[in-house]
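2 protein chains.
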Amino acid sequence: MSEQKTAAIIGGGVIGGGWAARFLLNGWDVVVSDPDPEAKRKVGEVLANARRSLPALSDVSVPKEGKLSFAASLAEAVAGADWIQESAPERLDIKHTIFAEIQKHCSPDALIGSSTSGFKPSELQQGAARPEQIFVAHPFNPVYLLPVIELVGVEATLLRARDVLDGIGMKPLIVRKEIDAHIADRFLEAVWREALWLIKDGIATTQEIDDVIRYGFGMRWAQMGLFETYRIAGGEAGMRHFIAQFGPCLSWPWTKLMDVPELTQELTDMIADQSDAQSGMHSIRELERIRDDNLVAMMRALKGRNWGSGELLNAHDVRNKPPLPTGIDKPLTTLERVIPIDWMDYNGHMNESRYGQVFSDAGDVVMAMVGADQEYIAGGLSYFTVSNEIGYLNETHLGDVIHVRTQVLEARGKKLRLYHEMIRTADNELLATCNQLLIHVSLETRRSCEPEGEVLAKITALGEAQSKLPKPASMRD
Amino acid sequence: MSEQKTAAIIGGGVIGGGWAARFLLNGWDVVVSDPDPEAKRKVGEVLANARRSLPALSDVSVPKEGKLSFAASLAEAVAGADWIQESAPERLDIKHTIFAEIQKHCSPDALIGSSTSGFKPSELQQGAARPEQIFVAHPFNPVYLLPVIELVGVEATLLRARDVLDGIGMKPLIVRKEIDAHIADRFLEAVWREALWLIKDGIATTQEIDDVIRYGFGMRWAQMGLFETYRIAGGEAGMRHFIAQFGPCLSWPWTKLMDVPELTQELTDMIADQSDAQSGMHSIRELERIRDDNLVAMMRALKGRNWGSGELLNAHDVRNKPPLPTGIDKPLTTLERVIPIDWMDYNGHMNESRYGQVFSDAGDVVMAMVGADQEYIAGGLSYFTVSNEIGYLNETHLGDVIHVRTQVLEARGKKLRLYHEMIRTADNELLATCNQLLIHVSLETRRSCEPEGEVLAKITALGEAQSKLPKPASMRD
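As given, the protein sequences belong to chains A and B, one line each in that order.
Quick note on this note's numbering: the first sequence kicks off at 1 and runs consecutively.
Quick note on this note's numbering: the second sequence kicks off at 1001 and runs consecutively.
Just chain A, same shape as in the assembly (with noise of 0.2 angstroms):
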């Protein structure tokens, strides 16, 4: 019992049942207080979305979600909570009123911490009973995805802010000195007030907008930000080369637009001494690469997605697709690719699992051959595995060029039998062999059954003229 941690989350909204979820489902239990009478319903609305997406980036078991309720009044919800969210209205007026009856009925112990964006926390901290537990603790939305959260406030209270934070999988940056919109909406603040005069001036549109950004920096700086990227376009010379080399050219667009402070030696320094200590245990080739991975990896997840970058890389493998293998009589080659980075594993060579998808893809490549593609599929009928036999021989690398020869081994009726053999172009080594067994479905009743039309019969014609090929070498019988 004393284990059980309770939230108090003050205001429902997007922000405040971020919050909640994120509490939740980190094992926490959550009290809502809002008065809006659509607030059980938005706070569900969040929470959905959060039961499907967070336990997702989990690869371990996950906490048992906590209990989540709503109280009948701001001092019922605040009377047990070990951390008090505020995320009122942006109204200094309206917080200092909640602030007083939060710290009315809550414990001196509890931390309370403050969505606000703008405020700062002496701000908040105005006419309190006892102004040090109040802190500013900015999320950023989805707050039940982005981990980081900015703190500022009285460093004992962060502190243990801060330790809370780590727990439940977040990332709490605690601010320096206090100031208006904190580091990061200062950043958003700049970025949308030159959005709103590109809008303006019809140079862009918030379309053209938003691409410049996705398929451009937006990438960088989901993994490196801002100045671990600089520090790599400044070259083995580091930061000070950096500056030196762009900071008088960037003036001058720079000095048109508004104000900026003089790139003194102090203000130089004081940034390549800084960039070294963050990144300074990585050779500029190095970070090379660790960005070139981030980003291949990144853009291969949005492949997946095929949205932004991946959608455009889709586009391109169906510009660059080889044609199906035609000549039914000899084995096909269903599949030629390059292994990337997010296929190795922890024994510096490809996962086994991708070993999976490869013979998965080639025998894909089957199916659209006897025309099981998409549009069968949308139609209702599939096949599916039944089951692989994956039998490992050689080790796949890093870049290594491979291509699939795939046998059919049998084709009546529902059954399908493929045999595929997946092998190093570069030498001609054979690295890995697939037993793969095919079953025929109903995608509506989800059983067995004959495929139809001219599927049945170009299944057919290819199993009778593959079957007349001797066994593949590789088969153990």
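In the EDC-like style, the derived pairs of lysine to aspartate or glutamate whose C-alpha atoms are separated by at most 20 angstroms in a straight line are:
#, chain 1, residue 1, chain 2, residue 2
1, B, K1067, B, E1003
2, B, K1415, B, E1454
3, B, K1200, A, E266
4, A, K321, B, D1059
5, A, K321, B, D1166
6, A, K42, B, D1292
7, B, K1067, B, D1029
Don't read these hints as lab results, they were simulated from the structure.
Given the structure is predicted, the values throughout are model-derived calculations rather than measurements.
Knowing the structure of chain A, use the given hints to seat chain B on it.
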């Protein structure tokens, strides 16, 4: 012969080298012209990075790499080129001299792009023999991975340039009106300027600024950009609501910082209409789920690289990791987890290769139990899987909680045979089985050998205890 295209790269630094790599790896021949005696080495280094990353973005076979050569003169480089890309230093007089020389020797049909980040095409074209031939084609580093290119110049020329860039997998974006620093660099400058102030005023370090970006809004921008993200923040009421809601409160810090366009009804309508055209085909609920799926997929990709927000997730997994199974005389619960979005395939169920991953991870837990862990591997010994026979019994869906029950069938000397059952936890349904054969190997000789010391003792004891159990009911003999 007439099909083979040639790009002339004028200036072989990081940007020029990136262009060279992008063209070469998409099958173009490339001629580099650069007076720097180090140009060959520099282009070679960029090309080495590109070769290990760009092909991995493709899931089909990649084009045969083109021929790379270095020209003795600019005249020689551009003589037969279809595309000429200038990436010289950012000085207008230098660029004018280069364009004059290029136009003296190139085909009038060649496309002449400039990588300039600051100059407008009207400035580049000053005094040119054929001004309409010269345009801005501004890329982002690394050019071989990031696809967006800002195109500014004469429309007819840009339409031809766009076709070429589409063909090499890029995302050309035609800028409607010329402006200093085009589009993206205006954002980069605005953020850079804010960052300099934050460092100078002691608010944040380079590390803290990078962290607030890459653990926060940088992840949003990598997949949706600015406006689609804010459209979601506005909720079902859309962009007009967002601007109405956040306009007034944001204008407060804005106006203290700098000039901002007035949010007139006209500007509000313009933004809202453009946003409708861009994203109106999705409801806000759909956009939220698309965003969340993208974020999960990207963060899971970074997990694989143990970097940024992915490093944080790995640390959180370690904290939440369940203890290793104890009690060796009963079947082992080796794994429990949720099925994530990036494991789904087009049939709407878990891709068959991911079963292999589940069983591979379950096998790793047995390894950890007997002490064949990361440290043991670092010492040069490990188990490799020789074969897997996977039986697929039931479909697995997004968000399913599953666990794996593992039985050691045989553990003698270097040979280890495991039998895994993957079970849906909610209803105890058996989803798949795997008969996994592993062999103990020396990572040095890459040959099989006996396990050593405590690992040998533990695996033998585990094998003996488990061999007394009845065979799993699902096992086919």
